[in-house]
Amino acid sequence: MIFTHLRRITDGGINPSKKDTFAYFANNKLFLSKEGALRDSLSDKDFDIVNTETQGLSDKQANILKIFKEHPDKEALLITYPDNAKKLAATKQSIPPILDDMAQVVGMSLKYVSDNYEYSKALKWRNCLLLSDGGLLAIGRTVEEAVVATLVAEKAAMCYFEANKLGGAKAINKLRSALMFMVYKNKYSKENIKRQKERII
Amino acid sequence: MDIQEKIRDTGIRLLDENLVQGTWGNISLRVETDYMYVTPSGLDYTLLKPEDIIKVNIHTLKYQNKGLKPTSEKGIHAGILKARKEINALIHSHPSACSVFAAAHKPLIVIDKGLQTLFNTDIINCTKYALPSTHGLTVNTIRAMGNANAVFMVNHGVMCCGESLEIAFEVLKQLEKLAQLYLKNAFAER
Chain A
73 MIFTHLRRIT DGGINPSKKD TFAYFANNKL FLSKEGALRD SLSDKDFDIV
123 NTETQGLSDK QANILKIFKE HPDKEALLIT YPDNAKKLAA TKQSIPPILD
173 DMAQVVGMSL KYVSDNYEYS KALKWRNCLL LSDGGLLAIG RTVEEAVVAT
223 LVAEKAAMCY FEANKLGGAK AINKLRSALM FMVYKNKYSK ENIKRQKERI
273 I
Chain B
678 MDIQEKIRDT GIRLLDENLV QGTWGNISLR VETDYMYVTP SGLDYTLLKP
728 EDIIKVNIHT LKYQNKGLKP TSEKGIHAGI LKARKEINAL IHSHPSACSV
778 FAAAHKPLIV IDKGLQTLFN TDIINCTKYA LPSTHGLTVN TIRAMGNANA
828 VFMVNHGVMC CGESLEIAFE VLKQLEKLAQ LYLKNAFAER
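Chains as they are written, first to last, in the numbering used here: chain A, 73 to 273; chain B, 678 to 867.
Don't take every hint at face value.
[What the hints assert, rightly or not] The list that follows gives simulated cross-link-like pairs (lysine-lysine, BS3-like), each with its CA atoms no further than 27 Å apart:
{"no.": "1", "chain 1": "A", "residue 1": "Lys237", "chain 2": "B", "residue 2": "Lys790"}
{"no.": "2", "chain 1": "B", "residue 1": "Lys726", "chain 2": "A", "residue 2": "Lys266"}
{"no.": "3", "chain 1": "A", "residue 1": "Lys242", "chain 2": "B", "residue 2": "Lys726"}
{"no.": "4", "chain 1": "A", "residue 1": "Lys259", "chain 2": "B", "residue 2": "Lys850"}
{"no.": "5", "chain 1": "A", "residue 1": "Lys196", "chain 2": "A", "residue 2": "Lys237"}
{"no.": "6", "chain 1": "B", "residue 1": "Lys805", "chain 2": "A", "residue 2": "Lys237"}
{"no.": "7", "chain 1": "A", "residue 1": "Lys257", "chain 2": "B", "residue 2": "Lys743"}
{"no.": "8", "chain 1": "A", "residue 1": "Lys141", "chain 2": "A", "residue 2": "Lys101"}
Hints in this document: simulated from the structure, not taken from any laboratory.
I would like the entire structure built from these sequences, with the hints used as guidance.
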């Protein structure tokens, strides 16, 4: 079922990349996709089970583990390389919320973070980040939620660029965005998350 | 086909044709004169069962409580159904190209005569902004839509309607195609 959800990213127009990363955290176990594994053909054998108790984790493993530890409601993390997010990351820009669904699921902004940035802190008010290598990081309470965050963030990046042809996108004010993010997280999506989790079980 | 099943299948079709992402968007279909069936609040179409589609009175917005709530935008659906007797179905969604117009607060001029007939207008207007699920958004959407079959909801998405669910879906699909075509041929404003 998890792999079916991941294929929705490709259906949504985001091509797989060998740099894609998929991480799943459950029962204190971190499942991390192997380097070079292609998203649309993932199977169980493409994952490493990372021993989270031992020393000597790679920087990438340690960073991902830190995100899950500091955001205990999240169980999925995706790093993908969509075209518009890559274009935006190349300019090192963050974009403000320009669509309500972006404010609800992506968060207060689609924030660009440099290599040594504190990812976990930046994810307090958002579910997506733009990485310096052009990647789009998305987290979710379920795999489906992280997939939707990825699609909505890429749509927002596309809208941001395309709206320049129409005079530019107009941002939603910060207070309203924060309100939408909180309402979505705490109220609107609850039944959906419950059903998504039941379906995985 | 059962009405609730038809609405659920339309939601799946929105996903399959990439006209929505995740839980966003909602669908309604008039039944009898004073009632509509609407999708529930905050549920992904792939998780919907036909019995999750809720019957709502368009005058009072009352519904039979089966554990799920109808879409929080039920007021917009009901308001349009009340105001326009020829309309029986509405689809609210957030497709990509329409979202560009919504983000830029720009109306779209429709030149093609066939599309003017389908949209019942020669311009797709924009609403004023209001937070989702508020009375303000209901009022702004109904006002900006007027007698047209589509309207851009600024910073949000699009609302489309038609005599049937099939026509409302066609309005949405053709509007997204038109918006894509416009953007493809537009140059960046200086």
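Evaluation of the provided hints:
1. A:Lys237 - B:Lys790: holds, 25 Å
2. B:Lys726 - A:Lys266: Roughly 15 Å between the alpha carbons, so the hint for lysine 726 of chain B and lysine 266 of chain A holds.
3. A:Lys242 - B:Lys726: Given that 27 Å is the threshold and the Cα spacing comes to 37 Å, the pair is violated.
4. A:Lys259 - B:Lys850: violated, 31 Å
5. A:Lys196 - A:Lys237: Given that 27 Å is the threshold and the Cα spacing comes to 33 Å, the pair is violated.
6. B:Lys805 - A:Lys237: Status holds; Cα separation ~21 Å.
7. A:Lys257 - B:Lys743: Holds. Lysine 257 of chain A to lysine 743 of chain B sits at ~23 Å (cutoff 27 Å).
8. A:Lys141 - A:Lys101: holds, 11 Å
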